[in-house]
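Single-letter residue listing:
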Amino acid sequence: MTPRLVVAVTLLTIREIARRRVLLVLFGLSLFSVLLVGWGTDRLVSISREDGVGELQIQIGVSQVLILIAFMFSFILAMSAAFLAAPAIASDVESGTALAMLARPLRRSELVVGRWLGLAIIVIGYAGLSGLLAIGVVAFTTGHMPPQPLVAVGFLAFEAVIVMTLALALGTRLPSMAAGAITVVVFALAWFAGVLGGVASAFNATALTGATEALRILMPTDALWRGVVYGLEPPLVDLIVAGRFGNAVDANPFYATTPPPLQVVLWSVAWIGIVIGAGIWLFQRREL
Amino acid sequence: MSPPSIETRGLRKTYGRTVALDGLDLHVGEAEVFGLLGPNGAGKTTAVKLLLGLARATSGTGTVLGRPLGDREARRRIGYLPELFRYQPWLTAREVLALHCDLAGLPRDRWPAEIDRALSTVGLSARGTDRVTGFSKGMQQRLGLGVALLGDPALVVLDEPTSALDPVGREDVRSIVREAKARGTSVVLNSHLLGEVERLCDRVAIVHRGRLIASGGLSDLLGEPALRLRVTGIDGLADRILGAFGPVSADGEWLVIRPLPPERVPDVVAAVVAAGGRVHAVDPGRRSLEEAFLDLVRPTADGAA
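Residue numbers (this note's numbering), protein chains in the order written: chain A, 1 to 288; chain B, 289 to 593.
These are calculated hints, taken from the structure and not from any lab test.
None of the values given here were measured: they were computed from a predicted structure.
A partial selection of chain B residues facing chain A, derived with a Cβ cut-off under 10 Å:
{"no.": "1", "residue": "Ala362"}
{"no.": "2", "residue": "Trp378"}
{"no.": "3", "residue": "Val435"}
Some residues of chain A that are not near chain B, with every Cβ distance over 12 Å (derived):
{"no.": "4", "residue": "Val53"}
{"no.": "5", "residue": "Ile58"}
{"no.": "6", "residue": "Met72"}
{"no.": "7", "residue": "Phe75"}
{"no.": "8", "residue": "Leu117"}
{"no.": "9", "residue": "Pro149"}
{"no.": "10", "residue": "Val151"}
{"no.": "11", "residue": "Val185"}
{"no.": "12", "residue": "Gly210"}
{"no.": "13", "residue": "Thr258"}
{"no.": "14", "residue": "Val264"}
{"no.": "15", "residue": "Val269"}
{"no.": "16", "residue": "Ile276"}
{"no.": "17", "residue": "Gly277"}
All C-beta atoms, glycine included, are put in the ideal place defined by N, C-alpha and C.
Looking at chain B on its own, in the form it has when it is part of the complex (with noise of 0.2 Å):
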């Protein structure tokens, strides 16, 4: 059986007396796309800086790839996009590429082939002699995708990998995940954008101030799934033919079940239609990862960094 993709516990890292991560838990499976939340100065960039030995854990353990934390054969097999992106100006994009092939240690007999599919991934095949120096800010993140894809490593991690890109560029991001998990690759998704993390993590841990206030699949997160409902002439009866299906509650004009399996939708607005009711909106659905991230961190957000 392969080792969990990243393992850690108790990972603890302060500055002086700034706690910037404490007790940080997490277990990352093979071939999961897992994401990273919390709000600016949670500790998300840190923990993604321990995982990879750029910074020493001033106390816990952990594994990434079976491996010590910062070990170097583990290196070999991951691939990095760090929030701040900046790759050698003077260098053109292949060369860029050349370089990251040559670190990795990847055969030389390879490189020309490596570099000319990340450059495809990140639709850059046109742009891969011209110098950095002339590339957009959108470019030079998706010149770091394709850096952190070489080899096609066994675990990536991209620290707010969509912070520069456009709609499109966006979309691209999402594709390249879903084709790594594909291939059996592992991806470790640091991000702010609630909606990305939502359509593409399999499971997601919130950091908040260092420590660690949620983890689990989305499902978990998100509680159960509900019906949202607006309907009139069944005034007196709601409670009743509603109540049928499980738990009501009003919000504000529209009625609320809680919780209602989506297979179930149909029956509800049939049975409101035939009691005489009009339906005027459904929305089935849950609480979006915004709500779930938001109902988390606000209690205690006052003064996070």
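Isolated chain A (complex conformation) (with noise of 0.2 Å):
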């Protein structure tokens, strides 16, 4: 692989992002959120002030309001990098770009790889920079810091990648809005193969709990989404819920007392570079 022409196709892939406004229109969309965030936030105080609602109980009310709109934006997030990535190699192929650049001693795999590098920068810096001024916005109208901010957006990144990098490779081989729907679809199944695994926990269902720890083992995405939120649980709601609830509490999707084990972490490092291999392997054998 000649790194001279893999960062090329990385450059070219954000000068493209940026050239189509995309980039604008998502920053536009994400300020507006956040703004929104902030606004609603900061209402949710000062009513419950006003009402008499104790300063702890605020605090730990804004923190799980925190996490319920980190769990939008990860979806938004999610989408936004399938539907980003999906037409990255695909919408190439159908509209013959590719012919005149496959020409040229530029290998398939090097076309890939550079696609994803650029895709992976927008997505990472979309998701930190949108993750971390929404974190910002809510401490400055609320007080409520969480107490691992980098780990929550660096997991909330890290999922977006997943769902990206899902999208890039079924589009070397697919239609675009194919491979855009199919990762949306694999995106929600495993989130809820997440919530259905804890139940099936918690019950001590194995069968099921077996399926759907499979499935989140091929889209690795749920045990991210864990990692996000224990970055923005306090430790307080820890000390709550502890030994109340039992296995219950696994059922919760908006509930995480640890991080993704390390072996997910390192699971879902080299789930990103086998689906690459995939989507090289199967661009190699496309017929242009």
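Using the hints, put the two chains back together into the complex; each one sits in its own frame.
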């Protein structure tokens, strides 16, 4: 693989997204959402204080609202990542742009890896900026700062990169619409499997646990989502919940006392490599 | 001795049960302008894609610029204008050319001169900083030609290079091809426009239903030169007078002498006039490439894709 060519494709990808004003629209929407979040949490805190709610309760309430906001943001982020990445190669092939590029001494693997790097930079940058901005605005309006904001944002970006990787890899073989739609469905299924797996675990339904666990390994976004929650969950909530609900808390997708195990993180990194590899393999066999 | 620009043996490509190309043998020499002809669906574009490594041959072998098909080193020295020419619409023409300079591995200090030269050659100097999205199809095809000519390639493959161009653009393409040949570049011209091919190509290959049905120099394909005459006043003597120059046949009001070297045309006219005949029209020439092409393709054209 020639680094110069990978970098050329990476820069082309970033320039494409910037020129097509996708970034501008995304940041515009994010800024609007963050302002809305700021206004909403400010109102929540003001009304609660007027009603005489205790400061501790308010802080716990805000922390849970922040987790819910992060959850919605993770969905939007995943959808954005899927619909940015699905056409990255698929539309090059559909439009014919790929013909002129691949007639040059550019390997198909270099095109895929260059595209992935460019998209990863955009997705991580977007998730990082928007996530930290939202946390910062909530901290400014309510005084609540989650225990590990960088961990939360890091896992949020990681989750989005996983979604982006799947959409890009599927797009090497499938039309962009199909690749995007399949990715979103798989992402939603993985999240659902996470909740269902928690319920199964709470009720010791081993067969169901096995099935949902398999899906969570095949698409590790849910495990990474637990990392986001872990970064946002105040220790006080852990103290309140601990010991009161037993295994049942596992079924709650908005509660996590521990970060995802190291094996899960390592598997997620390996998963990205495997899926990119599969995408390259599929693309190399595709007739242009 | 330099290797041939293109050499293929038994190149075959199938898509499922469809045979797109069936045993193609090609030889394109150095600095040769080679025409690849054929009706729609004949397999011309498939052949080009196999040569460039954009598709893989089911069987058969070949070399391009002395390297195996699809070889990266060879692709460094090939310029290609696809039939489906599309370039990043969000880039300017200069940026598209810079991208291809980068992909082709040209030293960065050569880029500005190469880009200026390419834009000037294809008549887009004034539009270099405009985005491709505002370009007409003809301008995009011109840009594609510029992309193909970057870095002075040893081989240029042009797939239907004039499909979106007006007559002025077509003449420009002819000049570009002639200049490329003069610089020692081999050109493969894949075209439906037989007039273009006839004017430009040293040799042609005709592909039909995936098979090579004829190839060679234009003189081989077009047959011997002939003379068509419309004369009066030599009734009954035509065979004797004209027969002295070569075999004579009738074609409606016309008499045809084939073969007849072009330099003998004045002698034929003089002989008719000397015998008291009147010459109304003289048409020296031979079969056009179009006639030769139709003769080759028509017998089997039924059901062609």
